[in-house]
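Turn these sequences into a full structure, and let the hints guide you.
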Amino acid sequence: MPLIKKLFACKITFLLILSNLAVYLVAGYLDTRAFESLSQGSFLIDWGANVPALTMSGEYWRLFTSMFLHVGFLHLAVNMLALWSLGTILEARMRSPVFLGVYLLSGLCGSLVTALWHREDFFVSCGASGAILGIFGAALVYGLHDRRMGRAHVPPANLLFSLALTFGAGFVFNVDNAAHAGGLVAGALLAVVALFGERLRPAAQAAVLAAAAVIGAVALAAVAYSQYDRGMQEQIAAARFQDTLGKMGLLGIGRAAGNVLLLDDCIAEALSAASRDGAPAPDLRGCADPGDREQALLARFMPQWYRTCQVQAAGLRGLYPDAGAQEALATVDRYCGLQTRIYASIFQQAPADFDVKEAMQTRLVLRVLLDEGAGFLLDQGWNFGVDPEKLRAQANALRDILEAPGELATAVVDESGCPYWSCAR
Numbered sequence: 001m002p003l004i005k006k007l008f009a010c011k012i013t014f015l016l017i018l019s020n021l022a023v024y025l026v027a028g029y030l031d032t033r034a035f036e037s038l039s040q041g042s043f044l045i046d047w048g049a050n051v052p053a054l055t056m057s058g059e060y061w062r063l064f065t066s067m068f069l070h071v072g073f074l075h076l077a078v079n080m081l082a083l084w085s086l087g088t089i090l091e092a093r094m095r096s097p098v099f100l101g102v103y104l105l106s107g108l109c110g111s112l113v114t115a116l117w118h119r120e121d122f123f124v125s126c127g128a129s130g131a132i133l134g135i136f137g138a139a140l141v142y143g144l145h146d147r148r149m150g151r152a153h154v155p156p157a158n159l160l161f162s163l164a165l166t167f168g169a170g171f172v173f174n175v176d177n178a179a180h181a182g183g184l185v186a187g188a189l190l191a192v193v194a195l196f197g198e199r200l201r202p203a204a205q206a207a208v209l210a211a212a213a214v215i216g217a218v219a220l221a222a223v224a225y226s227q228y229d230r231g232m233q234e235q236i237a238a239a240r241f242q243d244t245l246g247k248m249g250l251l252g253i254g255r256a257a258g259n260v261l262l263l264d265d266c267i268a269e270a271l272s273a274a275s276r277d278g279a280p281a282p283d284l285r286g287c288a289d290p291g292d293r294e295q296a297l298l299a300r301f302m303p304q305w306y307r308t309c310q311v312q313a314a315g316l317r318g319l320y321p322d323a324g325a326q327e328a329l330a331t332v333d334r335y336c337g338l339q340t341r342i343y344a345s346i347f348q349q350a351p352a353d354f355d356v357k358e359a360m361q362t363r364l365v366l367r368v369l370l371d372e373g374a375g376f377l378l379d380q381g382w383n384f385g386v387d388p389e390k391l392r393a394q395a396n397a398l399r400d401i402l403e404a405p406g407e408l409a410t411a412v413v414d415e416s417g418c419p420y421w422s423c424a425r
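Each residue of the sequence shown is one higher than the last, beginning at 1 in full-length UniProt numbering.
It is possible that part of the hints are untrue.
[Said to hold, decoys possible] Just the calculated beta-carbon pair ranges, DEER-fashion: (1) 326 x 120: 40 to 48 Å; (2) 259 x 18: 44 to 52 Å; (3) 230 x 145: 39 to 47 Å.
By construction, these hints were calculated from the structure, which means they are not laboratory data. All C-beta atoms, glycine included, are put in the ideal place defined by N, C-alpha and C.
Printed below as a string of structure tokens:
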């Protein structure tokens with residue numbers, strides 16, 4: 001019974017611990033990278049870690065999701081022990097809704113300070129320590145106030161235990177002092193507001209606390225939006241696009257997925273044969289080899305990448321409004337849609353519902369656009385069935401997009417994403 005009463009008195013603390021544990025277990029079950037040291041960085045980025053370059057380029061949800069991600073079970077256990085040590089005492093003192101508000105706003109503030117402080121660095125931040133330091137800051141304020149008023153206050157042993165655990169985990173798992181500082185200051189300030197509210201009547205107190213929560217959330221949002229980095233958003237989008245084109249075999253053999261170029265040669269031969277023979281559709285059945293493991297992986301994952309390519313091309317069209325870029329990205333979109341249908345014909349025996357000559361033209365034009373020697377070929381008078389000047393403008397625009405990513409954007413994209421064929425169980 002005493003345990004049940006204690007759990008009920010600190011139900012938000014208990015639910016927060018369960019939430020962090022659930023995220024850890026579910027993510028680990030769904031993604032094999034969670035427990036592999038070589039791919040843990042990509043796991044954390046993909047599941048919502050706070051990466052300043054991504055966060056400040058529009059992925060603001062990372063400010064919240066990073067609070068529930070941890071670098072392994074030890075990191076999680078240490079943080080949850082620190083939260084339990086303070087939460088079981090402070091939540092009963094300041095009431096559950098106020099405690100939850102302090103936790104969340106402190107965590108968000110810590111995440112935002114990290115994103116702003118490290119915006120020029122490749123930095124991956126995660127964990128509940130910013131929010132826990134917010135609770136620590138609130139506990140300090142409440143403890144000093146209650147001690148001055150002659151009331152029972154937060155035991156110093158709990159404060160020291162929580163502080164030692166939080167900073168100890170930080171030194172083991174690459175301390176994020178920015179999140180700690182941001183969370184600590186936010187928690188202390190919110191505690192001052194909460195203590196002021198205790199002097200008021202219940203209705204006025206509720207209004208003050210609600211106003212503080214709204215003002216705090218709006219202030220965080222305003223700061224985040226005011227520091228939005230469009231240039232980095234363009235670089236990240238271009239780097240992801242470049243990575244996808246590389247996997248598809250369009251940027252040379254070095255980046256291509258296994259055997260994708262051999263399969264593409266077979267597709268080209270089938271299209272040429274159909275065009276030469278006047279056939280309404282190419283015979284792509286010969287390109288499939290049921291016993292080839294590499295082909296089985298291509299059949300499973302290449303259509304996903306082609307669909308990703310279409311989504312990325314559409315996103316880039318919103319960032320690059322000039323005519324050359326728009327037309328070049330439209331060509332990429334057509335190519336990826338075409339390849340999706342071609343793969344369905346090869347591996348799913350779907351009908352080839354595309355025009356052979358248009359398919360050959362689309363594949364040819366895209367390769368010309370991506371060829372570094374496109375300008376030379378056009379200068380020599382080669383005819384690709386498209387106005388040479390328009391083709392030149394498209395090639396230049398596409399080259400500018402692919403050359404847009406800087407070192408930071410490239411490093412972030414290279415680290416994120418599954419390093420294997422698939423990270424799904």
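Of the numbered hints stated previously, which ones are contradicted by the structure, given in increasing order?
Of the numbered hints given earlier, the structure breaks just one, which is hint 1.
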